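K.L.:
Given chain A, work out where chain B should sit, using these hints.
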Amino acid sequence: MRAGFIRQLKPFLETVAEHKELYVPKKTGEHYVYTRYDPSSEVSVELNNIRPCSTVKEFLFPVCELASIFPEPAEPEEVKPFAVFGLKDCDLRSIEILDKVFAEEEFRDPLYINRRENMFLISSDCFEPGKSCFCHLCGGQPFSQSGYDLNVSEINEGFIIEAGSQKGRDFIEKYSENFSEVTDSMLAQRDKNRAETQKKLEQINAEYRLDMPLKEIVEGGEDSDVFDEDAPDCVECQGCTRICPTCHCFYLYDTKQKDYFAKMKMWDGCLRRAYAEVAGGQNPRKMIGDRIKHRLMHKFVYFLDRYGLTMCIGCGRCIETCAGGIDMRKALKKLNEELKGKDRKKAKVSK
Amino acid sequence: MNENPYQPINGEIVEIIDESPTIKSFVVVPEEPFKFETGQFVELTLPGEGEAPFTPSSSPSQTEKMEITIMKAGRVTALLHKCKAGQQIGIRGPYGNGYPVDNFVGKEVYIVGGGVGLAPIRSLFLTLVERIKDFKTVVCRFGAKTPDDFIYKKTLFGSWQKIPGVHLKLTVDEAKGNWKDNVGVVTTILDPKDVNINSAVAVVCGPPIMMKFATLKLQEFGFSAKDIYLSMEKNMSCGIGKCGHCMIGKYYVCKDGPVFTYEQIKGYRDIWA
Numbered sequence: 001m002r003a004g005f006i007r008q009l010k011p012f013l014e015t016v017a018e019h020k021e022l023y024v025p026k027k028t029g030e031h032y033v034y035t036r037y038d039p040s041s042e043v044s045v046e047l048n049n050i051r052p053c054s055t056v057k058e059f060l061f062p063v064c065e066l067a068s069i070f071p072e073p074a075e076p077e078e079v080k081p082f083a084v085f086g087l088k089d090c091d092l093r094s095i096e097i098l099d100k101v102f103a104e105e106e107f108r109d110p111l112y113i114n115r116r117e118n119m120f121l122i123s124s125d126c127f128e129p130g131k132s133c134f135c136h137l138c139g140g141q142p143f144s145q146s147g148y149d150l151n152v153s154e155i156n157e158g159f160i161i162e163a164g165s166q167k168g169r170d171f172i173e174k175y176s177e178n179f180s181e182v183t184d185s186m187l188a189q190r191d192k193n194r195a196e197t198q199k200k201l202e203q204i205n206a207e208y209r210l211d212m213p214l215k216e217i218v219e220g221g222e223d224s225d226v227f228d229e230d231a232p233d234c235v236e237c238q239g240c241t242r243i244c245p246t247c248h249c250f251y252l253y254d255t256k257q258k259d260y261f262a263k264m265k266m267w268d269g270c271l272r273r274a275y276a277e278v279a280g281g282q283n284p285r286k287m288i289g290d291r292i293k294h295r296l297m298h299k300f301v302y303f304l305d306r307y308g309l310t311m312c313i314g315c316g317r318c319i320e321t322c323a324g325g326i327d328m329r330k331a332l333k334k335l336n337e338e339l340k341g342k343d344r345k346k347a348k349v350s351k
Numbered sequence: 352m353n354e355n356p357y358q359p360i361n362g363e364i365v366e367i368i369d370e371s372p373t374i375k376s377f378v379v380v381p382e383e384p385f386k387f388e389t390g391q392f393v394e395l396t397l398p399g400e401g402e403a404p405f406t407p408s409s410s411p412s413q414t415e416k417m418e419i420t421i422m423k424a425g426r427v428t429a430l431l432h433k434c435k436a437g438q439q440i441g442i443r444g445p446y447g448n449g450y451p452v453d454n455f456v457g458k459e460v461y462i463v464g465g466g467v468g469l470a471p472i473r474s475l476f477l478t479l480v481e482r483i484k485d486f487k488t489v490v491c492r493f494g495a496k497t498p499d500d501f502i503y504k505k506t507l508f509g510s511w512q513k514i515p516g517v518h519l520k521l522t523v524d525e526a527k528g529n530w531k532d533n534v535g536v537v538t539t540i541l542d543p544k545d546v547n548i549n550s551a552v553a554v555v556c557g558p559p560i561m562m563k564f565a566t567l568k569l570q571e572f573g574f575s576a577k578d579i580y581l582s583m584e585k586n587m588s589c590g591i592g593k594c595g596h597c598m599i600g601k602y603y604v605c606k607d608g609p610v611f612t613y614e615q616i617k618g619y620r621d622i623w624a
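Chains as they are written, first to last, in this note's numbering: chain A, 1 to 351; chain B, 352 to 624.
Honestly, the hints are just simulated from the structure, not real lab data. Source: prediction; values computed, not measured. Glycine included, C-beta positions come from ideal geometry on N, C-alpha and C. Hints should not be assumed to be uniformly reliable.
A few chain A residues that don't get close to chain B, going by computed Cβ distances all over 10 Å [as the list claims (entries may be wrong)]:
hint : residue
1    : A67
2    : I155
3    : D254
4    : C322
Facing chain B, from chain A, some residues (calculated, C-beta under 8 Å) [as the list claims (entries may be wrong)]:
hint : residue
5    : F70
6    : P71
7    : F102
8    : E154
9    : F179
10   : E181
11   : T183
12   : K263
13   : K265
14   : W267
15   : A276
16   : V278
17   : P284
Next comes chain A alone, as it looks inside the complex (with noise of 0.2 Å):
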């Protein structure tokens, strides 16, 4: 079986509750932030209609973790299975690019499959994209087709809840009392609803739309001053860079316990200045715009170039989150623009 219906939530993140650890979106403010489901309490949890606040990849990679032990090795720490309910397509989106540093064949992070392997995603269709929201530039869209072992779609009635993997065709299987069978008029819905919210996503759009691939766009502004333009307006407090589901930058110090030394490894964001420097003081980027055209440039040129993706999901939290009110989408559609005018210009000389 690979979908069903149900009619509440509740009953299913109880059932799923029993094996895992399961993490559900609790609106605290204006946003959904991720806490650990309590069965015992009274709030009833609701279907996220916007991705969370927080991100996944502080599931998968943490702030701070302990990356290892000498002069005698410990044993790796034990992660229990843990399920995360209330995912979005852009959320999925970025832990395929994870996968592709941290999984990658020549050097596996056993910290992050570690946790990778034990992790039980739950997406969910997206119903009101946020004024910062992008994904359809980025090639995605709010709902997910792939990358889930579940997803749910919220219908008039109930919710759809559909496998994608081998762990959530399992999951149907063996609680398929609970589930009701699915009918052509609820995918109907489903789909309708689907197609709303892709609308919604590019009426907040409409003045960002794009002429070009992004890599183009971005690669072609090698020598633009658009990124210095918002240097400025930059306050290096590195939000940005925390708050992106697939920033990935870390380093790693050395501490002294009592009887064991620690290598730690810690987030750490490309946009602060000393980053790149090196010991006799030489710094690559030493200037807010170099640093933030770096950063550009890796997410939709050099990520792409390696990995066969683009490092930006267009989840739009750099946005929500930037003191000073820097728009990744505005940088783009500039670029855009440029090129487009550079390549007016190149059709000119060529008549």
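P.N.:
Below, chain B without anything else, positioned relative to chain A:
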């Protein structure tokens, strides 16, 4: 359990050699034989204090112990300079791509080095000398600030000058003591007549400014960008192409380098900083 790439193997510093006022060589014995290719680098941990990347200066044919030459430049290297023989250390690696020595076979190898950049070059030099007959010649042009700033003085001023097949010339920015040799930056002793460019490869390692001008000069001589090998110094932290610190454009210096041809990286603006 996967092998943990963040786990260092244990080792001990068994000897420390003063090379210059700011540079020391550390003889390190890892607890198990340590294989590497010349030009690859290791992450050396001073337990509890920090970790930094260095290219070993010894020949890879020696796996029981390894020499690492370190200039006092930052926090970790300053602490290393205070260490005494017997100090426990950690080693991760080896990482990245070394010098493609097999591609040098049958060619003239033109090596340009300066300052502590002679450390990776020493490893390459020793590797070449072990099979010197495989190469037409090995031509070395080395520079330092003052005669006292040269590292590996004993061999540099002595036995290396007498190896058949090796042509070595030295220069200093500023002559001191009884220095009778060349005075001037290293590019002043580069001469197109030194090698036959059609069958030569060049290797450059030194301070960024020296690498920049040496590379320009070599191109003036007619060297193709793909025959100039550069060993790049960046802020490598993880060593395994993930943490991002050492990126030059799309390349991770730790994984795709530290040895690059100039052809690979010439399109990026930030390579010499």
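K.L.:
Going by Cβ atoms, does A/A67 stay more than 10 Å from chain B at every point?
P.N.:
violated, 4 Å
K.L.:
With 8 Å as the cut and Cβ atoms as the points, is A/W267 at the interface with chain B?
P.N.:
violated, 10 Å
K.L.:
Please check whether A/K265 passes as an interface residue: C-beta within 8 Å of a C-beta belonging to chain B.
P.N.:
holds, 7 Å
K.L.:
Return the status of the interface hint for A/T183: holds when the least beta-carbon distance to chain B is below 8 Å, violated otherwise.
P.N.:
With Cβ-Cβ at 45 Å, over 8 Å, it is violated.
K.L.:
Hey, does the A/V278 contact hint survive, CB to chain B under 8 Å?
P.N.:
holds, 5 Å
K.L.:
Minimum Cβ separation between A/C322 and chain B greater than 10 Å?
P.N.:
holds, 20 Å
K.L.:
Take the shortest C-beta to C-beta distance between A/P284 and chain B; is it under 8 Å?
P.N.:
holds, 3 Å
K.L.:
Holds or violated: is there a CB of chain B closer than 8 Å to the CB of A/F179?
P.N.:
With Cβ-Cβ at 37 Å, over 8 Å, it is violated.
K.L.:
Does A/K263 hold up as a contact with chain B if the rule is Cβ-Cβ below 8 Å?
P.N.:
A/K263 check passes; min Cβ-Cβ to chain B is 6 Å, inside 8 Å.
K.L.:
Minimum C-beta separation from A/I155 to chain B exceeding 10 Å: can you confirm that?
P.N.:
For A/I155, whose nearest Cβ neighbour in chain B is about 41 Å away, the distance exceeds 10 Å, so it holds.
K.L.:
Going by Cβ atoms only, is A/A276 closer than 8 Å to chain B?
P.N.:
With Cβ-Cβ at 6 Å, under 8 Å, it holds.
K.L.:
With a cut-off of 8 Å on the beta carbons, see whether A/P71 makes it to chain B.
P.N.:
OK, holds: A/P71 within 8 Å of chain B, min 5 Å.
Violated hints, listed in ascending order, are 1, 3, 8, 9, 10, 11 and 14; each of the other numbered hints is respected by the structure.
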